Structure formats: C-alpha cells, structure tokens
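Here the structure of chain A is known, so what remains is to put chain B in place on it, guided by the hints.
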Amino acid sequence: MEQFVMAAATILIGVFGCICYFFLSNMALDQLYPATGPMAGANINRANQIRPWLFMLPALALLTVYLVYPVFVSIYLSFMDAEGDNFVGAANYIWLINDDKFRESMFNNLLWLVFVPAASTFFGLVAAAVTDRIRWGNFAKAMIFMPMAISFVGAAVIWKLVYEYRPDGQEQIGILNAVWTWMGGEAQTWLTSPVINSFLLMIVLVWIQTGFAMVILSAALRGIPEETIEASILDGASPFQIFMKIKVPQIWGTILVVWTTITITVLKVFDIVLTMTNGQWGTQVLANLMFDWMFRGNDTGRASTTAIVIMLMVTPIMIWNIRNAAREAR
Amino acid sequence: MDNIVGTKSRLVWAVNLCALALVLLWTFPTFGLLVSSFRDRDQISASGWWKAMFPAEASVQYRADAPDTAVLKDGLYVLDGNIFDGGPGKVTAFGTSIREPGADLVNEPVVTDDGETVTVRANGDFTITSPTAMEGSRGMRIFATSVTPARFTFENYGRVLGAEGLGRAFLNTMTVSIPATVIPILVAAFAAYALAWMEFPGRALIVALVVGLLVVPLQLALIPLLKLHNDIGIGKNYIGIWLAHTGFGLPLAIYLLRNYMVGLPREIIESARVDGATDFQIFLKIILPLSFPALASFAIFQFLWTWNDLLVALVFLGNSADQLVMTGQLKNLMGSRGGDWEILATSAFVTIAVPLVVFFAMQKYLVRGLLAGSVK
Numbered sequence: 001m002e003q004f005v006m007a008a009a010t011i012l013i014g015v016f017g018c019i020c021y022f023f024l025s026n027m028a029l030d031q032l033y034p035a036t037g038p039m040a041g042a043n044i045n046r047a048n049q050i051r052p053w054l055f056m057l058p059a060l061a062l063l064t065v066y067l068v069y070p071v072f073v074s075i076y077l078s079f080m081d082a083e084g085d086n087f088v089g090a091a092n093y094i095w096l097i098n099d100d101k102f103r104e105s106m107f108n109n110l111l112w113l114v115f116v117p118a119a120s121t122f123f124g125l126v127a128a129a130v131t132d133r134i135r136w137g138n139f140a141k142a143m144i145f146m147p148m149a150i151s152f153v154g155a156a157v158i159w160k161l162v163y164e165y166r167p168d169g170q171e172q173i174g175i176l177n178a179v180w181t182w183m184g185g186e187a188q189t190w191l192t193s194p195v196i197n198s199f200l201l202m203i204v205l206v207w208i209q210t211g212f213a214m215v216i217l218s219a220a221l222r223g224i225p226e227e228t229i230e231a232s233i234l235d236g237a238s239p240f241q242i243f244m245k246i247k248v249p250q251i252w253g254t255i256l257v258v259w260t261t262i263t264i265t266v267l268k269v270f271d272i273v274l275t276m277t278n279g280q281w282g283t284q285v286l287a288n289l290m291f292d293w294m295f296r297g298n299d300t301g302r303a304s305t306t307a308i309v310i311m312l313m314v315t316p317i318m319i320w321n322i323r324n325a326a327r328e329a330r
Numbered sequence: 001m002d003n004i005v006g007t008k009s010r011l012v013w014a015v016n017l018c019a020l021a022l023v024l025l026w027t028f029p030t031f032g033l034l035v036s037s038f039r040d041r042d043q044i045s046a047s048g049w050w051k052a053m054f055p056a057e058a059s060v061q062y063r064a065d066a067p068d069t070a071v072l073k074d075g076l077y078v079l080d081g082n083i084f085d086g087g088p089g090k091v092t093a094f095g096t097s098i099r100e101p102g103a104d105l106v107n108e109p110v111v112t113d114d115g116e117t118v119t120v121r122a123n124g125d126f127t128i129t130s131p132t133a134m135e136g137s138r139g140m141r142i143f144a145t146s147v148t149p150a151r152f153t154f155e156n157y158g159r160v161l162g163a164e165g166l167g168r169a170f171l172n173t174m175t176v177s178i179p180a181t182v183i184p185i186l187v188a189a190f191a192a193y194a195l196a197w198m199e200f201p202g203r204a205l206i207v208a209l210v211v212g213l214l215v216v217p218l219q220l221a222l223i224p225l226l227k228l229h230n231d232i233g234i235g236k237n238y239i240g241i242w243l244a245h246t247g248f249g250l251p252l253a254i255y256l257l258r259n260y261m262v263g264l265p266r267e268i269i270e271s272a273r274v275d276g277a278t279d280f281q282i283f284l285k286i287i288l289p290l291s292f293p294a295l296a297s298f299a300i301f302q303f304l305w306t307w308n309d310l311l312v313a314l315v316f317l318g319n320s321a322d323q324l325v326m327t328g329q330l331k332n333l334m335g336s337r338g339g340d341w342e343i344l345a346t347s348a349f350v351t352i353a354v355p356l357v358v359f360f361a362m363q364k365y366l367v368r369g370l371l372a373g374s375v376k
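These protein sequence lines are chains A and B, in that order.
Straight run, no breaks: the first sequence in this note's numbering ends on number 330.
Straight run, no breaks: the second sequence in this note's numbering ends on number 376.
Source of the hints: derived by calculation from the structure; they are not laboratory data.
Check the hints yourself; a few may be wrong.
To be verified - No more than 25 Å apart at the CA atoms, straight line, and that leaves these computed lysine to any residue pairs for SDA-like:
1. LYS236/B x PHE139/A
2. LYS51/B x VAL179/A
3. LYS245/A x LEU17/B
4. LYS268/A x GLY212/B
5. LYS285/B x ASP81/A
6. LYS364/B x LEU256/A
7. LYS364/B x CYS18/A
8. LYS364/B x PHE139/A
9. LYS268/A x LYS285/B
10. LYS227/B x GLN170/A
11. LYS364/B x GLY137/A
12. LYS236/B x ALA8/A
13. LYS285/B x ILE13/A
14. LYS236/B x VAL179/A
15. LYS247/A x GLY212/B
16. LYS268/A x LEU226/B
17. LYS247/A x LEU209/B
18. LYS227/B x ARG296/A
19. LYS51/B x GLN170/A
20. LYS227/B x LEU60/A
21. LYS227/B x THR10/A
Just so you know, these numbers come straight off a predicted model, no measurement behind them.
So here's chain A without its partners, still in its complex pose:
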C-alpha cells in the first residue's frame, strides 16, 4: 500500500513540480526583464535569449546526468582496477583481447549482427508486401506485429516451450522436437548444442523485430508514387519484377533505416540470452558478458571495458544518424 502512496505522490510531485518550475521560472524571467517601460525592446530580446534554456534545463540536466556523464565515467573506469580505485592502464583491454569468453561473445555478436537484421528485414519486407494486397491485411499485420509488445523475458519463456526437450520415448511437449521426431529425427536438447543454439536465440529476436520492419516498410511501400508502378505495368513487367525492380529500389533508404535500427537492438540484446541459456554452451554475447562481470565478477573495470566495446560498435551508426538528421534539418 505504502508504495502506491509513494508512486501516486511521485506522479503528483513530478507533474506538479514540472509545471511549477516552468511556470515560476517564466514568471521570474518576465519580472526580471519586464516587457514594458523604457527598456521594453531590449528586455524582450534578453528574455527571449534566456527562455529556451529555461524550457530545456530539466531535460538537459537529466540527459547530462543519466547519459552523457556515464559515458565519461565508463571510459575512466575501463582504465581502473576491479574496485575502480587504482589506475591499471590498458590492462583491462589487453585482458579482454585474450579472454576466450570475450572472443566467443564477439563472434556471437557478429553472427547476431548479420543474421537478425537480415532475417527481420527480409521477413518484414515479405510480410509488408503480402499484407498490403489482401483483404484481411490489417488483421494479419496486427498478428505479426504483436510480439513487439511482448517482453524479451516473456518471449524467452514462449520459445523455451517451443524448444523443450523430453528424453526419447517420452511424449515431446516442445513443438520443435515433436516435429523433429515425427520426421524421424532423434529428440535434441536444442539449447545446449553449440552454434545451432545461438541461432535458436536469434530466431526469438527475429520473431520480435519482424513486426517493426513490416510496419515501417509497409508505410514506405505505400508511399511509392503510383506512376512508376503504372508505367512498369504498361511495359509488361510481372508482379515479381515490379516488386524487385521498381518498388524495392525506391524504398532502399527505408530498408537501410530499418536495418540499422535493428542492428542497435541486436547490439544491446541481453534479456533473451540471460534467461534462455545465461551465456552457457557457447551462446555468450557482449551485453550479457558485461552483466556477468558487473554482478557475478564484481569487476567494474572489466565490465566497463566490455560496455565500451559495445559503445564502439554502436558509434558508426550513431554518427550516420547524426549526419542524416543534420542533413534533414537543413
């Protein structure tokens, strides 16, 4: 009960505090530089210079403390020892390069980086193309989009049931093994078989991200100018040719955006690996390795170094995004 009172109070204080801050700071500014009297013109100008910063102050403060400051502290910690007390130079980075678990994570992350965005974008494109042409398309879209609302942990449970193993002779209750044994195979403990288990984890993320790709690509497909399609129909192109040679090239930019957005999700993937295999049997990834060193290893130096590696992998996309946004603003 107490925590509800606290939560309700926080909402009230938060909302009310925000409104009070903006209202009072605005009033103070108007008092300080009144828009009347002999100095009215200069005062209005000065107030207009200050006001944007009043509007942005809470957001900038939070962004600085919660996102900018940690970047620098992490860089600092990556050069310190386990407790963050003593400077150790590049020792953490050297350890990292020689660590088997790190190499395994790096390899797996690269696999994820290739497979998940490619598969999600492909299925998303197919789903967008077919659902735009059928009468029950909206229903189909909602069903494919639905996994987006499901938590990674929930998805992990859902797919663990799919991959569930029962010893030979018992009734298989996981659909994968049921199909596999029905086809004449021997029941497998899928999640402990290296390499294939990584792909089984990736399928979970593909299942979640396809809906995202489909929604964005479907909007892009509908935005293609009709004339180009009509012209190609007149020229006798087949539906498949129209799709591959007329439509896809025109939405290439959007495909790239979908690809990079999913790439970022992939680099941060954590919950699925933690809950399904906890990085065992050769499925470790960077984000889970970082978590391991943070809580089980209690080594802030190594954990920070791993986090920095994730950051470095994200950086090219970050720069690309900033450039695009800047070009659009112009």
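Leaving out everything else, chain B in the frame of chain A:
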C-alpha cells in the same frame, strides 16, 4: 495486378497463403503458451499443447489404502477406492506390477501372487479382496493406462498470482512503469518545444546531441549510475529507477515530440505571437493539445519499455518481494521452476497480458510513433 490475364487468381491465392503461413508462424508460439497456461501439470507433461483439445493418454500410478484398513464383508477382506480420486478419466488397462503396467483388462478380476483379487473398472473404481486378513501398512500399487478428457482450468492463475508471488510483482511493475511513463513526457515536451519553435544559438548542436544519445547503449550507463545513486543515498529504490527510466527515455521523447512539433503549421504559432501570447501560453494552450498524437505514441513506447524492462530493474531495484518486478520474478521462476510449465506459462502470460491489451487498444498510435521515431 489486373493487367496479367489468367495469372491473377493464382497470384491472389499465393499471396493469401503466404500471409496465412506468416500469421500462423508468428502466432503459434504465443498461442501455445496461452493454451498451456490453462492446462494442469499432468496434462502438460503428458502431451504437447497442440493435443490439448483431444483426450490425453497417460500412465497413472496409485497406491491403495493400507492393507490393515481392509474391512471384513461377507467373509472377505475388502479394500476399495478410485484411482482418479473421483476425478474424470477412463481406465483402458491396468496392472499390479511396475514391469507390466498395462497387462490386465478392465473389469476382469486378477489374482496377484499374494492371493489377492484385484478388479479395476473403467471409471477408476477398484476393489481388492482377499479371503485372509491383509497385513502391512503399505498399500498395493496399481498401475493404469488412462484416457483423460480434455480439461482446462484456471487454477494455475490463482496459484501463480498468490503463492508464486506474481500478484505482488504485478503491483511492483505498475509502481515502476506508471510514474516512469508520466514524468518524462512533461520534461521532454518543454524541451521539444524549445528545440522546435524557439530561435537560439546552439540549437542544431543540441538536436544532434539528442539524436546521438538515442543509441547510447544502456550497458554503459549502469555502473556509473549505480555508483552515483549509492553515493547520493538513493540506493536501490523506486526513486532511483524512476529517475533512470526518465533519463533513458528522454532522447526518444524529445526526438519524437520535436519532429512532430516542427510539422505543426507555422501560421498558428505566429498569429498567436502577434496576438501577444507568450511562449509559455503558446506551449500550454496550442502546442500541447495539438501534439496529443505524438504524446500518446511516446507514452505507449515508454510504458511498454518500462513494463517489459528487465535490465534496468535488475540493476536499480533490489531482489526483495517489495521491489521485485514481474520480469525479474519470471526470470527467477525460469531458474527455480525450469520444468514446471504450468507455472512458467501462466506467469509469462500474466506478465505479457497488460502490454498486449495496451498494444491492441492503442496500435494506431504505436505505429505512428514507430514511423516518426525511426531516424529517417
């Protein structure tokens, strides 16, 4: 494609089939979880969930009452009972030895090595009779092959919400996600307005900063912020996680809202300025109401993200009953109750129920937000 005579209907068929296959593939796993959450433990381990609609065949093992409780009736010592304990089920075969669990036929009396006669009926009733007094305190074991009709139950939900602590975790998740959704909206809306409609030096730089911060991995922020929270005395607490979620959600909030606000018609804002409205009034009375769709989009994103989050909760909240959120609880159950699918499936469905409702109710805004939010 009406131009290609003759291939039209075949293409329509192919497209429909393709869509159907995708939809089935994408809903099948979730549907399995839903069905499993309504089955009881024995059924789940006896057959795959896709067979839930059909009667399940299972092996039942039952230990009869202790022999010394047999009653004397018409010169015979008699013990009776029901191997389903009165529940539904149909025995197809039975046995009195573990080596031959289905050796004997229903309704036909079988004489054991000890000279006792056992009869089992299809509904599970059994009778053990013996001409001499039965001895010992361990009852005879009866093995039976039974067919249980399809059966669904709500019991799992009651159990999961109560004994497994998910009810409490549900409340904790709400405690986390509602303030963490409401607070960033206001903070971001003001900043977005300034970035969209106020002229000042450095504006482009701040927009670029926000775009850059959109992709900063959370992993980078965890250790420094946990240290910071501990140093300033917040520790592992709801206040800490509200602040963290607010901070992490702000870049997307500012980005979405700014993009939307920039697109609002310039004339409205300028005529309001001419009429003497201050920026504060313009924001509250014109921009905020007009931006409702963008606010709703962000609110849904943030709500889904905070509700579904595991990482931030693991780091910024404790593991005690009054702070454990549902995703954390589900993760713990996956560790401790790995094979108990009735518990896992039901728990998972409870955790995803609210996001699914929000999703289906507000899908329009979610799609709109996605379209605006992916960096073009």
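Can you list which hints this structure breaks, lowest number first?
1, 5, 7, 9, 10, 14, 15, 17
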